[in-house]
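Visitor: Sequence:
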Amino acid sequence: MENYDGPEAGQSVSHVHIHVMPRKLGDFERNDDIYDAFDVKDKELKEKLDLDKERKDRTIEEMTHEADIYRSLFV
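Quick note on full-length UniProt numbering: the sequence shown kicks off at 1 and runs consecutively.
No lab work stands behind these hints: they were computed from the structure. All of these numbers come straight from a predicted model, not from anything done at the bench. Treat the hints with care, as some may be off.
As the list claims (entries may be wrong) - Taking lysine-lysine pairs in the DSS-like style, the calculated list, with each CA pair at most 25 angstroms apart, reads:
no. : residue 1 : residue 2
1   : K53       : K43
2   : K43       : K56
3   : K41       : K24
4   : K41       : K53
5   : K56       : K46
6   : K41       : K56
Make the full structure from the sequences, and use the hints.
Guide: This is how it looks when you write it as structure tokens:
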């Protein structure tokens, strides 16, 4: 779990913001490599996004399948 709290931690707007990152054995070669992955993702997210161009409506079946995958990670 990652928690950015305050401007010193990179929080741009005052609010509670927590990322829950399901982990499993062997998902990173070294446990701390996840922080490098966060940094890469942060840089990608700072690039200009055209969300409407990328957005694709999902069916109920697709969302149910996705929920099942997430649910299995918390067992």
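Visitor: Each hint: holds or not?
Guide: Hint by hint, here is what the structure shows:
no.	hint	result
1	K53 / K43	holds (20 angstroms)
2	K43 / K56	holds (23 angstroms)
3	K41 / K24	holds (19 angstroms)
4	K41 / K53	holds (20 angstroms)
5	K56 / K46	holds (21 angstroms)
6	K41 / K56	holds (21 angstroms)
When the structure is compared with the earlier hints, no violation turns up for any of them.
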